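Novice: Here's the letter readout for the chains.
Number of protein chains: 2
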Amino acid sequence: MNEPVDLVSGFVRLRVDFGYDGTDFNGWAKQPGLRTVEGSILDALKLVFDHDENSFGLVVAGRTDAGVHARNSVLHLDLTPAQIKRLGRYSSPSMFEGAIRDRLNNILDDDIRVCSVTVAPEGFDARFAAIHRRYRYRIADAVSVKDPVEARHTLWTRKPLDLLEMQAAALELYGLNDFAAFCKPRPFATTIRNLRQVTVRRRTDENQVIEVELLADAFCHNMVRSIVGALIAVGEGRADRQVIASKLASGSREGSFKVVSPRGLTLMEIGYPEPALMAQQVENAKALRSIDDEVED
Amino acid sequence: MNEPVDLVSGFVRLRVDFGYDGTDFNGWAKQPGLRTVEGSILDALKLVFDHDENSFGLVVAGRTDAGVHARNSVLHLDLTPAQIKRLGRYSSPSMFEGAIRDRLNNILDDDIRVCSVTVAPEGFDARFAAIHRRYRYRIADAVSVKDPVEARHTLWTRKPLDLLEMQAAALELYGLNDFAAFCKPRPFATTIRNLRQVTVRRRTDENQVIEVELLADAFCHNMVRSIVGALIAVGEGRADRQVIASKLASGSREGSFKVVSPRGLTLMEIGYPEPALMAQQVENAKALRSIDDEVED
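Protein chains in written order, with our numbering: chain Z, 1 to 297; chain L, 1 to 297.
Just so you know, these hints were derived from the structure itself, not from any lab. Note that the coordinates shown come from a computational prediction; the quantities given were computed from them, not determined experimentally.
Because identical chains cannot be distinguished in the list, a pair is counted as satisfied if it fits within a single copy or across any two copies.
Calculated cross-link-like contacts (lysine-lysine; reagent style DSS-like; alpha-carbon spacing at most 30 Å): (1) Lys46 <-> Lys159; (2) Lys258 <-> Lys184; (3) Lys85 <-> Lys159; (4) Lys30 <-> Lys46; (5) Lys258 <-> Lys30; (6) Lys159 <-> Lys184; (7) Lys30 <-> Lys286; (8) Lys258 <-> Lys159.
Next up, chain Z with everything else stripped away, as it sits in the complex (with noise of 0.2 Å):
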């Protein structure tokens, strides 16, 4: 990474962490008339380094439903050597990848905010590089306090919940298993995950909040609302680990939980391996999952 831009193969990918409170946003993904993540941050790379350009090649790692939120997440994108003229010159790699992420901050609202703009590492893939994703759910049960400041991205709830009841009842869907009981189904796709952490503990400071975090290698659409909607069931007595259990075996959708609100979920953050095991991750996750298999939760 000595020289910012690649101009012997004529393009430089960029990695671009980001992340936003999805209230306000009809989701990720581009719609005409509509505002979403994509469409905001295809509007700011537009006016930053071509006009008349519509897609930038942008892949994201997780691409979120209406109303979800990020604290980190993760795109790529490649930029010709025009698009790259148009930002001027820059003295080191660190002042180019600083400018950008400045300018399109200048350019968001404040409900979409880049972390860190960086030249991406011979091989990155935002999406089919990542080794992991973790999501968390917020929920204020009877017992926390219903913070209006954190209404936004938190779920309420009337009763009180059995944290231990859940923990146990997560314990059940640990590890490589078919998730078809918990997604929407999607033609063609996969609905084997590795769930790899699920957590449920209260925060000790002032509010006494709920959090359900899950990290696995990736999720299918709507997989995390509906792991939190079963273990909600359960918290509230509604449910135990066995019927969790039965389910997950059953692979069937028929007379599940609820896939609770987006409102209380948030991604938290996209894991890639070091640059040198970059590719094979890349080959790894393409054989494992169709091209089809694109909305994640």
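Once you have looked at the hints, place chain L on chain Z.
Specialist: Structure of chain L alone, referenced to chain Z:
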């Protein structure tokens, strides 16, 4: 508190604890045609208790400016026997209190929430019985993550802030002082306040946000935002603790530091004495502060 309704004296005083996200309110005080916190609470009270009543003798502990938030503010109101009768009969005071809380919350939007309703102890006055107010100001500087999910209640600044210098300067403001240099003055109102705590810390959890917390017997208008503006100047190296000490001693707003945005400011807590000391505290506070001295931040 054996009986929820004191029908002998003819009225019951309620203490209401509540919070709000101030972003979409035009401050506390009722104003015709504008959405305000007081206006929203009065509208909800009218639906629950009395369609013809317009004030309910509402008295609040902290009248916040437009855009300022509250995690836990406190108000009191007095209900007549006729108003109480509209509620129906309850078998215990706590059911009576819980029913009022739930009915108000069913009417109020999610950016304002009643935490609790209780029959107030003898001599309680939300404003004059208060022995302290605690405010928090959140700042995301160059080191913090600018998290859009927290954007509505966090000020974003570009430069890194020196927290040690800020804390040292804050010490100059400690104790019983005339804060005229840090207040928007009001005629016939004292600007002497007892600032009992000022802490400047960076949170060690995910977003590394700076929190400035101030605790005083009461605050005068714009006092927290003026002090935070001065501390930010210190944190950025534009002033030092000697400048802050001189400014305080000058008693003048001439050439003052910026009054920072309401966005980062939250009223966290109102402190009250034990019930036995309530009446004495009300006497003391009324003697200290004139009735014109109404806006506290």
